[in-house]
Amino acid sequence: MTIVALIKQVPLTSEVALDPKTGVIQRESGETKMNPYDLYALETALRISQTHGGKTIALTMGPPQAEAVVREAFAMGFDEGYLLTDRAFAGSDVLATSHALSQAIRTLGQVDLIITGKQTTDGDTGQVGAEVSEFLGIPCVAAVQQLLEISETSITATSDTGTTLMTVRVELPALIAVDKDIHQPRLPSYVRMKQTEKRQVRRITLADLPDTDRTHYGLEGSPTQVVKIFPPESNTDFALWTGVDIPGRLYEYLQKEKFLQELA
Amino acid sequence: MKTIVVHNELITDPAGMPKLCPFGAIVEIDDDVQITSGCRMCLLCVKKGPHGVFELQETAENRELIDKTRWKGILVYIEQHGNHIHPVSLEMVGKAHELGAKCGQPVFAMVAGDALTMVTGELLTYGIDRILAYEDPAFADFRIEPYTAALEDAIGHLHPAVVLVGGTNNGRTLAPRTAARVHTGLTADCTVLDIQQQADLDQIRPAFGGNIMAHIRTPNHRPQFATVRYKIFETAHKNSKRGTVESRSLPPQKLVSAIRVLSQIPKGAGIFIEDAQVIVAIGKGIGKESAIGLFEQLAVALGGQIACTRPLVENGWMDPRKQIGLSGRTVKPKLIITCGVSGSVQFSAGMKSSDRIIAINTDTDAPIFKTAHIGIVGDIFDIVPALLERIASDSQRVATSANASPMGRS
Numbered sequence: 187m188t189i190v191a192l193i194k195q196v197p198l199t200s201e202v203a204l205d206p207k208t209g210v211i212q213r214e215s216g217e218t219k220m221n222p223y224d225l226y227a228l229e230t231a232l233r234i235s236q237t238h239g240g241k242t243i244a245l246t247m248g249p250p251q252a253e254a255v256v257r258e259a260f261a262m263g264f265d266e267g268y269l270l271t272d273r274a275f276a277g278s279d280v281l282a283t284s285h286a287l288s289q290a291i292r293t294l295g296q297v298d299l300i301i302t303g304k305q306t307t308d309g310d311t312g313q314v315g316a317e318v319s320e321f322l323g324i325p326c327v328a329a330v331q332q333l334l335e336i337s338e339t340s341i342t343a344t345s346d347t348g349t350t351l352m353t354v355r356v357e358l359p360a361l362i363a364v365d366k367d368i369h370q371p372r373l374p375s376y377v378r379m380k381q382t383e384k385r386q387v388r389r390i391t392l393a394d395l396p397d398t399d400r401t402h403y404g405l406e407g408s409p410t411q412v413v414k415i416f417p418p419e420s421n422t423d424f425a426l427w428t429g430v431d432i433p434g435r436l437y438e439y440l441q442k443e444k445f446l447q448e449l450a
Numbered sequence: 458m459k460t461i462v463v464h465n466e467l468i469t470d471p472a473g474m475p476k477l478c479p480f481g482a483i484v485e486i487d488d489d490v491q492i493t494s495g496c497r498m499c500l501l502c503v504k505k506g507p508h509g510v511f512e513l514q515e516t517a518e519n520r521e522l523i524d525k526t527r528w529k530g531i532l533v534y535i536e537q538h539g540n541h542i543h544p545v546s547l548e549m550v551g552k553a554h555e556l557g558a559k560c561g562q563p564v565f566a567m568v569a570g571d572a573l574t575m576v577t578g579e580l581l582t583y584g585i586d587r588i589l590a591y592e593d594p595a596f597a598d599f600r601i602e603p604y605t606a607a608l609e610d611a612i613g614h615l616h617p618a619v620v621l622v623g624g625t626n627n628g629r630t631l632a633p634r635t636a637a638r639v640h641t642g643l644t645a646d647c648t649v650l651d652i653q654q655q656a657d658l659d660q661i662r663p664a665f666g667g668n669i670m671a672h673i674r675t676p677n678h679r680p681q682f683a684t685v686r687y688k689i690f691e692t693a694h695k696n697s698k699r700g701t702v703e704s705r706s707l708p709p710q711k712l713v714s715a716i717r718v719l720s721q722i723p724k725g726a727g728i729f730i731e732d733a734q735v736i737v738a739i740g741k742g743i744g745k746e747s748a749i750g751l752f753e754q755l756a757v758a759l760g761g762q763i764a765c766t767r768p769l770v771e772n773g774w775m776d777p778r779k780q781i782g783l784s785g786r787t788v789k790p791k792l793i794i795t796c797g798v799s800g801s802v803q804f805s806a807g808m809k810s811s812d813r814i815i816a817i818n819t820d821t822d823a824p825i826f827k828t829a830h831i832g833i834v835g836d837i838f839d840i841v842p843a844l845l846e847r848i849a850s851d852s853q854r855v856a857t858s859a860n861a862s863p864m865g866r867s
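Going line by line, the protein sequences match chains A and B. The numbering of the first sequence is our numbering, which starts it at 187 and goes up by one. The numbering of the second sequence is our numbering, which starts it at 458 and goes up by one.
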């Protein structure tokens, strides 16, 4: 069985501010990390390959420095890693990103299972997995909380539909998005990091993809466009409380607004 | 084709150039400035960089402009299970009426299920112009392939300008899958939607995971897909205008799925923070896991529930179902007290429509004070125990008072 985990490098902190005068985005630092939700995808892939055999492949899309997250996957135990990178992908929205990823997956040969995390911490949308599955023409199951059974041809899993827990058997190849806490992710191993130091993170560029039409990627291939970015509005109905006996004042307020009455 | 070209000959301060890019996509090696594949085409370097250094070049293209007059109306995907319409779908209908009225276009709905008579009957009371019903045993449970085929068929049949999908777990799978199939744009978790002439949809959502809002458009694709979380918009009003229900069926090959549903059990009740009237929300400022109990006491004292920010879930301190925010739940209680929450946009988006927001934080500049109605600059570990003491001594007094009469909350 060949399992591909889709991972992403995200900013270390989500605390970003907009300079109100210049409109320039200010980041605290350029530091990055593996998207924390992807650790669960990686762990799930490793567990399946350990119990059922098969090859694990980590695939990411991003700038050259995103290679770091693939190295981290190596240190966790992944067999192979790919970085999908090209300036032609600049400005890709969900559709263009998903198209690029699905094209890259097509270059990897027979793939049985694709695993993603719930979402990223920088985009927060959780949509890329479903779009990738559509472009590959394979089924997808989101919000997977538990894997019950794995065979060469299917997996049985429990998915959170919001109001119910649904247990499904899905034929392979398939894409699943796993929820946080499906498994406790292992830590990268220093020994494995040393062992895999020389292992190549293979680059995939536009020229390597089956579809090399530039207009299908990047800004050009993105139906959505950011018109502008702006700081959020602040509230005008605001009172700042300072001074002594804040707890007393808060208590009076809660009582006056009838939030304490049921205690009686 | 758009690309940014760097004019190195105009640069006087090569080492300063990388700072222009918030994504680290501008690199300088031996005075040579280049843009890497980290570029997101945000064009900040073009706008804010030294004049002429970063140039946006557009090669002549023969991109065909779509005929927007062929796409009319706002289509709402109605999520239902067991004859129960998910309330987020009715919120989407409410928004669709507002958008439809503004641009003079009709409101459509589509629903799939194995028995829909009750659901379509209820939908008819909301003044929807046309309702498409896909009734088949294949739709008994949510499986991505048949549901995508149904929504695709509805789009092909109605040619709507806009498709609105509630941001539930199922909606967040169905919307991207269908948007990819019809090859159009999708904006997830919009917090504001507005509409222009020719039904150009203004989609506004927090971006980059931080304190920034992005205004997004889908200029040359139809339909325009947007998802919106539960409890962001107001629910639709009943409307005496009667629309029509059309039954549609799909050929058997469209109903095939590689997914077999083996069982489905309802999740436990009472854990939904969306239903709480009072919420005590805790954030990183509580410092340690063992402090949670104090805030649970406050939640209990107020007859409410405890909820939290994303970092507490990431630390494994709290159940993910207790998380407020774009990546968690959206809540709209009568009162929310935030304790040690800094208030990222991603958090605020999930609670800012609450009736009363009281924020306690030691940092005067915490963004949560921009969302709050009452801001208290102070230490939660001083204020909350003192408040609990006041409530406890009072309830003893009230409990011993013969005249005390319980009253419901307003």
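You may find that some hints are simply not true.
[Said to hold, decoys possible] In silico PhoX-like cross-links for lysine-lysine, where the CA-CA straight-line distance does not exceed 20 Å:
id: 1; chain 1: B; residue 1: LYS791; chain 2: A; residue 2: LYS414
id: 2; chain 1: A; residue 1: LYS442; chain 2: B; residue 2: LYS791
id: 3; chain 1: A; residue 1: LYS366; chain 2: B; residue 2: LYS505
id: 4; chain 1: B; residue 1: LYS791; chain 2: A; residue 2: LYS366
id: 5; chain 1: A; residue 1: LYS444; chain 2: B; residue 2: LYS741
[Said to hold, decoys possible] To spell it out: a stretch of chain B is covered by chain A in this simulated footprint if at least three of its residues, at any positions, have a beta carbon under 8 Å from a beta carbon of chain A; those stretches are:
id: 6; stretch: 580-592
id: 7; stretch: 669-679
id: 8; stretch: 698-710
id: 9; stretch: 746-755
id: 10; stretch: 827-839
Rather than coming from a laboratory, the hints here were simulated on the basis of the structure. Quantities reported herein were computed from a predicted structural model and do not represent experimental measurements. Cβ atoms here follow ideal geometry from the backbone N, Cα and C, with glycine treated the same way.
What are the numbers of the hints that this structure violates, sorted from low to high? 1, 3, 4, 5, 6, 8, 9
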